[in-house]
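Given these sequences and hints, build the entire structure.
So the sequence lines, in the order shown, correspond to chains U and W.
Heads up: the first sequence at position 574 corresponds to 574 in our numbering, and the numbers run straight through without jumps.
Heads up: the second sequence at position 132 corresponds to 132 in our numbering, and the numbers run straight through without jumps.
Simulated pairs of lysine-lysine, DSS-like, Cα-Cα distance not exceeding 27 Å:
| no. | chain 1 | residue 1 | chain 2 | residue 2 |
| --- | --- | --- | --- | --- |
| 1 | U | K207 | U | K138 |
| 2 | U | K574 | U | K699 |
| 3 | W | K434 | U | K699 |
| 4 | U | K699 | U | K240 |
| 5 | U | K158 | U | K574 |
| 6 | W | K73 | U | K207 |
| 7 | W | K351 | W | K35 |
| 8 | W | K351 | W | K37 |
| 9 | U | K240 | W | K434 |
Since the hints were made in silico from the structure, they are not lab data.
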Amino acid sequence: MLRFAALVLLLSTTGGLHAQTVAWWSQRPLQTVAVPATGSHWVRTPIDAFLLSRLRKNGLEPSPVAERRTLIRRLTFDLHGLPPTIAEIETFANDPRKDAYERLVDRLLDSPRYGERWARHWLDVVHYGETHGYDKDKLRANAWPYRDWVIRSFNEDKPYTRFVKEQLAGDVLYPGTADGIVALGFIAAGPWDFVGHVELRDGTVDKAITRSLDRDDMVHTTMSTFVSTTAACARCHDHKFDAISQRDYYRLQAVFAGVDRADRAYEEAGTDQHLTSTAGSLGYHSEIANSRDASKWVQVDLGEPRELDQILLYPAHEVFGGHPGPGFGFPVRFRIDASNDVEFGESTTIADHTDRDFLHPGDAPQRFAGKGERARFVRVTATRLFERTNDWIFALGELVVLAGDSNVAALAPVAALDSIEAGGAWGQRYLTDTAARRTGRMVYAAATAFRASGNFTPAAAPRPVHLLARGEVQQPLALVAAGALSCLPDLERHFALAPDAHEGQRRAALARWITDEANPLSWRSIVNRVWQYHFGNGLVDTPNDFGRMGGQPSHPELLDWLAVWFRDGDGSFKQLHRLLVTSAAYRQSSAPREPDDLAPSRDAGNVLLWRMSRRRLEAEAIRDAMLAASGKLDLTMGGPSVRWFGFVDDHSPHYSYDSFDPDGAGAWRRSIYRHIVRSVPDPFFEALDCADASILTPKRYTTLTPLQALAMRNNRFVLRQAEHFAARLRTEVSTVRQQVDRAFRLALARAPSRAEADIMATHAERHGLASLCRLIFNLNEFLFLD
Amino acid sequence: MLSRRQFLQQSGGGLGAVALAQMLDGDPKSTSVPKAKRVVQLFMSGAASQCDTFDYKPELIRRHGDKFDPGGKVELFQSSPGAVMKSPWQWRRHGACGKWISDLVPHLAQCADDIAFLHGMVSTSNVHGPATFLQSTGFARPGFPAMGAWTSYGLGSSNDNLPTFVVLPDARGFAPGGPRNWSAGFLPTQHQATMIRPDRPEPLADLFPPQQTAFITAASEADGRRALAQLNRLHQQSRADDQRLEARIASYELAARLQLSAPEALDISRETNEVRELYGVDQAPTSDFGRRCLVARRLLERGVRFVQIWSGADNGHPRRNWDSHEDLARDHSNMAAEMDRPAAALLTDLKRRGMLDDTVVLWTTEFGRMPCSQGGLGRDHNPFGFTNWLAGGGIRGGASYGATDEWSYRAVENPTTCNDVHATILHLLGIDHKQLTFRHNGIDRRLTDVAGRVLRDVLA
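Dropping the structure here:
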């Protein structure tokens, strides 16, 4: 209230001025600012000059540069979300070249780990999730191509304008490209009310509410993400604090009036390595067995001996019946054999999962290396069957054999021990037909044409959008045309589209409005986000709100200088990272000052950046760092998300993290590839303040709670990784002292002090190395970056 | 590095926003005098019928079988209106207040004089997911903090050993929207509910390491905690100005205390036979809900502020919640048989221990059911009029507030929203619902959005 009162006072004293001169800071045109002259040797980049001149004005001096081991740990987590390896630390620590640091930065930015790290930040901002949320929280099996697009875009250093345009209207602006469609996953990233869309009938009030709120999410996400504006506050009334009218808001809703969220094809299928089995015929289905350990087999005949590079098993996806869901019939235990004998008298085993239960794959295709075998027949033998209610079966959606890039099993003849042949649904021949007939890979994205499901059908034309009195669908006022905000006088808010223009033109027009060089919000917004992830706080501390309820920039000139620099430098993220992390400001130590130093009292929050702020790692970085320390980190990139939970599809799907096998297939992959369930969040990630995929998270919290401490101490994954870490140490060095030393270097990027080594060695001798490794994972230093 | 306020807020325990404001700013004006210290929310998931429980309409019995024609267009969730359908259960008057209550809930009927019925409830959604979120969080979309999270944020913890906000889900699974109904939303994570599942071998996730972890022993646990603290102190020596490091060390001490106190709080084996019998913990069909109600009482006794107990799981077949589209008599019988006796036991037990005076009990459902059939034996959704009730601290027992029309179809007197109920609960806790705010993405968010009024007519 105090802030509001001050604002009123300010407005009333400047009331006689022209409106434009009192425009809110974020809406004023970008200023071309001169870099202050400081004459200081401390300054390495222009941003240092801005920061130093402010520090000096406040009688403060920056902190000394941090030592190299601190810097490489800081930088590697910041750019990769992973700890540096021992070799990387030693190389950097001993690199005599003047530009050793710059070289390190370049190396890190060139690695694909960079895209995996920064994609996670972006996915927080856009509230990306892989289930719908709400009631009947169904899986989005095809959301992941958007996640991979984000990773790829960062790694390829896609220019920011293109990055924005693809996400809003790639299908229109870059026709014929896969990226132009996959990127539309942005519009579909948020929650979606399955029951409201699929079960409610058209023409009902609740259906209209469902659609209006769905568009609201699209508007809210777009305007928060790209222009840091709380446009969604104007749904029920004109914005109370910012110059956003209700009409502005509904103009933005009209931009999205032609699209829904659904699976859409983005690429003609050549050999589709990532297809999921969802449509059409279901595949092979064995006869029903009375015992789980009955053996069943199905095999394909490739016609002649072929190179078996990879074998892919696509789980079946039952749509009807008593056991609907992905992975229906997938065997609990099985093996894959290859042979040139149709009877498999002599055969080679390609994959053997007969002595342990196989993690149920859901819809995810399972890939097996062919070990360079050549064979004519490939057989899958189930040795423990899939349980229905009191009986057991074996089913598979599709079997693909890749020789080079081609599926040599396409339409291959199929034989089986037994098979249920049920019309167009189940039949052994369907095991090899789907991939051959498939029309394209699918992505969950903004879509205008898709297969109807219940009452969820595509709009024939953009749905009419009315201004709604008090935001209520029962009180429609005038129809509104698509358009943008009217508070930026240099930009045209009317899109001036022909009445019969394709709906995509609306999205394209909004994308152009956002990426216009003269849009001051967009450029300030994005450089502020990148700054925040590097320094811990943005130059504006409310990254999604540059309005009157938001913060004001701590360094307005610097913010504008950066925005102009980024815009005029082709919007290169990598150049921006390079500029920020090579600054003297970024390289500062985070150590406390001397007791009589002025800085802590004058600027306790470190707004002026008189030192680097210490920060706690995010949930994903903590988990990935354990895997890096234990040596188990699986760097496989891309593809369907890994499910670190048990899943039972049903009328309402069930997700259970208890049944997750911490050593199961895919369990050691980077956390960015985790399948994100909205309704039932992963308790381990949640305890570590992971973003909630139901809300936009421009900045995560850092809480330090007892439940978090319990998760770090007792979670099964942590304990298993502690054991793996211990096993690694035992393999690599022999004495306890050496093991302690190595554990420290792997986990904390430094050698232990004498006192630390003593405590650790005593503990390891008394309770074993695994207990020590668990302890290390729980150290403050493991979770905090200096 | 951190202000005292940030430190207190980050470290999980301690004071909430309201208490903190009073302490730091000396400004107690934002609060009313609290009538209650604790809240229990009993959530009937799937939509419990008002016209088969507490909303008595003789007209419905008289016109049984007639065409349902309340005037205006009737828009149902999944069907077209069938004939008027009287309740399969008999109605009787109960208590000094003479409240008409159906035989579906005979035990709760005995508590009529403690209960204030809200018969004019309305919802803005006719769909389970959004409507459930509304009752839990005040908003129809996922991502908003639960009432318990707001309570934790506002008042903080009132104990050192247990969580502030606990949820006890139905053993069969989660209600529509699942844990999003008890999340902290945009509030810091420490305000989210701690999920406790008393039926499971591990009722609280990660409270202890899994039994089969070979390298963990009692001695290694104790030594490990000590060594961890020692090493963290060494690390902190050269970083003394960062209170987060101190807070994290403290969080391990709090965790150790939770390990001691939680098993004791959940152990109902030492409750007397009389108490176990009261809640029906030892027999079907009351064992699950009964056990959770009893655990709730034990948690409340030990300083937990807010407990949410769910009756009903997800929408599926056979029915395992109150969503009785197919066969109301069968499915409501099953659900009520599980819920009625334990819920009444909780009221009775709190009362005789003197705890009902400062504990609010809220019985919630996301919307009601239609007074007509939906063709067969079931009733469709009715967001236009339904019943919730309140009991306990600061509530006027025996009151009835708001009313539906003669059909039990549409609220015609004092329509009441979830915001009103939430405002009332906060008021009873001593919090002005308009003052309890949190800025998120540019908006000062409230539990009650831009609405809500305290229901003074039901206050004692």
